[in-house]
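**Q** Sequential numbering from 1 applies to the sequence shown in my numbering.
Derived by calculation from the structure, the hints in this document are not laboratory data.
By construction, the Cβ of each residue, glycine as well, lies at the ideal position given by its N, Cα and C atoms.
Please note that the accuracy of each hint is not assured.
Unchecked claim - Have a look at the derived ranges for each label pair, beta carbon to beta carbon:
#1 45 with 92: 33 to 43 Å
#2 115 with 4: 34 to 44 Å
#3 103 with 52: 33 to 43 Å
#4 52 with 98: 38 to 48 Å
#5 104 with 18: 28 to 38 Å
#6 66 with 117: 30 to 40 Å
#7 63 with 24: 26 to 36 Å
#8 74 with 7: 14 to 24 Å
#9 18 with 108: 38 to 48 Å
#10 42 with 128: 30 to 40 Å
#11 49 with 112: 34 to 44 Å
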Amino acid sequence: MNLHNHTYEVEDGEYDLRGTLSRFPEAKLGPDLNWLTRAGIDPVEFIHRYEKSIIFLHLRDARKDGRWVESVGEGDTDFAAIAGALREVGFEGVASIELAWESDFEPTRPLRESLKMSREHIRQTMGW
């Protein structure tokens, strides 16, 4: 079991997350790195702060304006820096690629192609 976050759990200095962890310190984390970014949390700093508690990751990409992109690798998320932080803390968990879009999104290619492109980007930048 792991705690998955959206913005509200980590806003206001990670208030909700810290409260949960104070009551359940053995909890493991499965952060959604994009929701961290949307809440103003640097994913690299978060990885260093929670190190061994992280056992799962959601990988999604967005532009600087917060809008999700069609495939991981087409946005502004610094996956190379994230990969470096994960290596530094000895991350041995698993990750999933999550593609999600705003309601006005119109795809330019089949979903299967976007998933393949996303997977290849993660292979290249993170070595998985």
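**Q** Hint by hint, note whether the structure agrees.
**A** Taking the hints in turn, this is what the structure says about them:
In this structure, residue 45 and residue 92 break the distance hint of 33 to 43 Å, their C-beta atoms being roughly 20 Å apart. About 20 Å separates the C-beta atoms of residue 115 and residue 4, a value inconsistent with the hinted range of 34 to 44 Å. Our hint of 33 to 43 Å for residue 103 and residue 52 holds, since their Cβ atoms are close to 38 Å apart. A C-beta distance of roughly 23 Å is found between residue 52 and residue 98, which places it outside the suggested range of 38 to 48 Å.
Against the hinted window of 28 to 38 Å, the Cβ-Cβ separation of residue 104 and residue 18 comes to about 35 Å, which satisfies the hint. For the pair residue 66 and residue 117, the supplied restraint of 30 to 40 Å is violated, since their beta-carbon distance comes to about 21 Å. In this structure, residue 63 and residue 24 meet the distance hint of 26 to 36 Å, their C-beta atoms being roughly 35 Å apart. For the pair residue 74 and residue 7, the beta carbons lie near 22 Å from each other, so the given range of 14 to 24 Å is met.
The supplied range of 38 to 48 Å is met by residue 18 and residue 108, whose beta-carbon atoms lie about 40 Å from each other. A beta carbon spacing of about 21 Å between residue 42 and residue 128 contradicts the range 30 to 40 Å that was offered as a hint. Against the hinted window of 34 to 44 Å, the Cβ-Cβ separation of residue 49 and residue 112 comes to about 36 Å, which satisfies the hint.
In summary, the numbered hints that this structure violates are 1, 2, 4, 6 and 10.
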